[in-house]
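K.L.:
Listed here are the chains, written in short residue letters.
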Amino acid sequence: MSELVGHADRADSLDADSLDRSTVTDPIVDEPEPADGNSVRVRLADGPLAGPILWRVVSMMLTRADWPLDRLDDMLLVCDALSTHAFAHSSDTTVTFSIQAGAQEAELRVLDLTNDGASGLTRDTMLPIVGNMLERIAERVSVETGADGEGSQLILVLRARSPRMS
Amino acid sequence: MTPDMELALTARAENIAVVRYALGGLGEAFAVPEHKLSDIRLAVTEACANVVVHAYPDGHHGPMEVIASKDEDTLTVLVRDWGRGIGPRPDSPGLGLGLSLIAALADSVQLAHGDIEHTEVRMTFSLTEPIQSADILLRTDTLPSTNTRPETVTELGDTSRRSTSTPPEASGLPGRDGYSA
Chain U
1 MSELVGHADR ADSLDADSLD RSTVTDPIVD EPEPADGNSV RVRLADGPLA
51 GPILWRVVSM MLTRADWPLD RLDDMLLVCD ALSTHAFAHS SDTTVTFSIQ
101 AGAQEAELRV LDLTNDGASG LTRDTMLPIV GNMLERIAER VSVETGADGE
151 GSQLILVLRA RSPRMS
Chain E
1 MTPDMELALT ARAENIAVVR YALGGLGEAF AVPEHKLSDI RLAVTEACAN
51 VVVHAYPDGH HGPMEVIASK DEDTLTVLVR DWGRGIGPRP DSPGLGLGLS
101 LIAALADSVQ LAHGDIEHTE VRMTFSLTEP IQSADILLRT DTLPSTNTRP
151 ETVTELGDTS RRSTSTPPEA SGLPGRDGYS A
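So the protein lines, in turn, are chains U and E.
166 is the number that my numbering gives the last residue of the first sequence; the numbers go up by one with no jumps.
181 is the number that my numbering gives the last residue of the second sequence; the numbers go up by one with no jumps.
One chain only, chain U, in its complex shape (with noise of 0.2 angstroms):
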């Protein structure tokens, strides 16, 4: 078993170049505002990581908010998609998503795309017969410039029942 806080025999050993400074990295912004309680930013390298990560982060979110069965399974359908193709369109080898998910609704936004990346990505997800999937899941797919003015984001509006099923 490993030892708590204490043990000075092994203090003197240790100096500043002992530190492993590799995996230090800058806060994703340097002094966040307090984001909303059921809201969270992910940002995840290009990889094996993306699908099941952002699937869990979004399925945990709309289950916390009670949305049914049918739409958290078409949620799994867009994170998919949405994991495969965006890091072809994004600006480096991160892909950024915001998820954000209410009783009513939830906001999906793909950041830090490229200048055409959004639109790219939401054509990339055109399956044959069915059509652009994004598009027949989601109540709102939209494009917008990114925050800072460069590059674009994709947003995308999901309702927890949707319209379209009744």
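Read the hints as simulated data drawn from the structure, not as lab findings.
By construction, the Cβ of each residue, glycine as well, lies at the ideal position given by its N, Cα and C atoms.
Please note that the accuracy of each hint is not assured.
[Claimed, not checked] Which residues of chain E face chain U? A partial, calculated answer using Cβ under 8 angstroms: (1) E6; (2) L9; (3) A22; (4) E28; (5) V52.
[Said to hold, decoys possible] A few chain U residues that don't get close to chain E, going by computed Cβ distances all over 12 angstroms: (6) P68; (7) L69; (8) D92; (9) G120; (10) V130; (11) M133; (12) R136; (13) D148; (14) S162.
Fit chain E to the known structure of chain U by using the hints.
P.N.:
Frame of chain U, contents of chain E only:
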């Protein structure tokens, strides 16, 4: 080094579940052994719980970040907040097991706060080897002799020292749950 995952959320109890769930996805993607993933989840949960319970004044829910980076066979998880920092808290509402649990589960632990304006708990986990030891490093210039939060803290790693064998409350090191009142 680009982190593999960065989560930014509000320091609320219910969001700890989001972090745990996300770590499950990370474990799946990196094929982390289940027993190791359980350790990681528990340690990170404790670190996040410390933020939720201690970092911000009662009734306030500030930001919390969880950042994970995998480097070959090592996973580093950093839990960060912008609260009141780490220090002894004799009136802690918890059992005071948070940091000791983290130390028991992680291969190393580093704490940092002060001038960098945010508080960090950085845990590293070997994904292959059994736990060898857990070192809690408190990165400070000077450790206060009273129950006050250290005011002078350097950039990460500029100076550091391992904690002393005196009780945490007496040494100024994080005591109980590790967050100051």
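K.L.:
Indicate, hint by hint, whether the structure satisfies it.
P.N.:
Hints, verified against the model:
no.	hint	in the structure
1	E6	holds, 4 angstroms
2	L9	holds, 5 angstroms
3	A22	holds, 5 angstroms
4	E28	holds, 5 angstroms
5	V52	violated, 12 angstroms
6	P68	holds, 19 angstroms
7	L69	holds, 17 angstroms
8	D92	violated, 8 angstroms
9	G120	holds, 22 angstroms
10	V130	holds, 26 angstroms
11	M133	holds, 22 angstroms
12	R136	holds, 25 angstroms
13	D148	holds, 17 angstroms
14	S162	holds, 24 angstroms
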